[in-house]
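Chains U, C and R, in that order, give the protein sequences. Reminder that position 116 of the first sequence reads as 1045 in the working numbering, one-by-one numbering, no gaps. Reminder that position 35 of the second sequence reads as 32 in the working numbering, one-by-one numbering, no gaps. Reminder that position 132 of the third sequence reads as 179 in the working numbering, one-by-one numbering, no gaps.
The set of hints was computed from the structure by calculation and includes no laboratory data. Any given hint might turn out to be false.
[As the list claims (entries may be wrong)] Just some of the chain C residues that point at chain R, by a computed CB distance under 10 Å:
#1 Y22
#2 G30
#3 G33
#4 G34
#5 V65
#6 D93
#7 M124
[Said to hold, decoys possible] Calculated pairs, DSSO-like style, for lysine-lysine (alpha carbon to alpha carbon, straight line, at most 30 Å):
#8 C:K59 / C:K2
#9 U:K998 / R:K163
#10 U:K968 / R:K57
#11 C:K59 / C:K10
#12 R:K115 / U:K968
#13 R:K115 / R:K163
The beta carbon of each residue, even a glycine, is placed where N, CA and C say it ideally should be.
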Amino acid sequence: MFDLATIKDLLGLVNYWVVIVLMMAGFYTVIAQHNLIKKVVGLNIFQVSVFVFYISMGKVSGGSAPILKDGIETYSNPLPHVLILTAIVVGVATTSLALALVVRIHHSYDTIEEDEIQTIEHGEEDIA
Amino acid sequence: MMVEKVLLRVIAKLLIPLIMLFALYVQFHGDFGPGGGFQAGVIFAVAFILYALIFGIRVARKSIPSSVTRTLLALGVLIYGGTGILTMLLGGEFLDYNVLGSTPLAGQHLGILLVEFGVGMTVAGAMITIFYTFAGHANGDLPFRIGDDR
Amino acid sequence: MAGTAYWLVKLRNLFAVVMLSGIYSLIAAVLYVVMDAVDVAFTEAAVGAGISTVLMLGTLALTTDQEKVHKKPPVLALVLVLATGGVLVYGTFDMPRYGDINAPIHQHVANRYIEKSGAEVGPPNIVTSILASYRGYDTLGETAVVFTAAIGVLVIIGRSKGGVMPGSTAARRRRKDKDRAPDQPSTASSDLDEEASS
């Protein structure tokens, strides 16, 4: 059915599939869960999947880590590394901002469940 | 507080200087191996966060007050931007480090060192500030005990 | 890693979720080392597994550590996610294969960085020379983002001089007043003024 070449060709795509599975796990968490902390964790899963995507794009077969040394010819692409390196630190800063908002919401509403907040906000007006 | 947890305190006291030393190594050795301002800033912040977790936020605030961390936070960006302005004043373009030294390579080296230092300061200041803000809401000495007022 | 992600979605105890997300970050860091990104792995291990976990624990301490159970299974969300995933998988068949040196990403500026950065910038670590020199503007912007995020956290939940979070007690009191007497807009508006002034 499948010859060896096709299977080998498809194996080269496995990294993207892993990324997509992780990305969808994060996406599902963000849209389906009601808990705000869970949503932030879902965003983190999504974020890491994008990081893995970038880094896997930068990998060259037989290449080494991009630190110059005599006798090494091929290096992996350093550009995605730079982008993701800064993105991780920015990511934790924005995550902390999101968590701060969660704390603030908890102070105001005494809950971090999204539907309960909706009930508190619109309960009397019967919008929900 | 936490008088009975001698082991934690001793281990933490042993570890914290090493963590700080490692942060400095990562900061200034970033040109040659893995590392740089972002990682060093985080590791440096971790040393203080560990201290605050073990000994309580009040004690940590005495050793590095939040005014200092906020100053660090702003000063780092200032150093980064200031390096850019300095290169402009010396006749180059913004963040063109070649003019900083006698040779372009020396200038680049100095420029990268300054910029990475600025990044490290900002990241360390940001992380400690954020941690203080989160921990400051829980009651007093114990950073992570759930408040009784709920 | 996918297993960790599955349990992250599945678990209801938020404490376990936070711990698992730390493990997830560590696995990601290992993955980066395998793919030659040592700098990135270093950062992920320090940030994702270290600082993030501590901050999330701090949030749990300030809020709650148990998720409420919902009876309605989110079928629509599941369908949407599966459809999106299917489309994305279909899209990957045209992507360059893993490790392919002829992929478009390796044809652009990366070669110049690898060949010339030793002579132009100096440091053996190419990532550092791109980060601080070639892409200095980028990094300046990202430093500014970290700075802004810290300021944002201070603004949102920082304490004022009185020792309480500005607005929080006022907001809570306002809601209690509302529960007691829903037809009194005057108290609510006065609390709003108080909130704005503090």
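Check your understanding: Which of the numbered hints above does this structure break?
Key -> 1, 5 and 13
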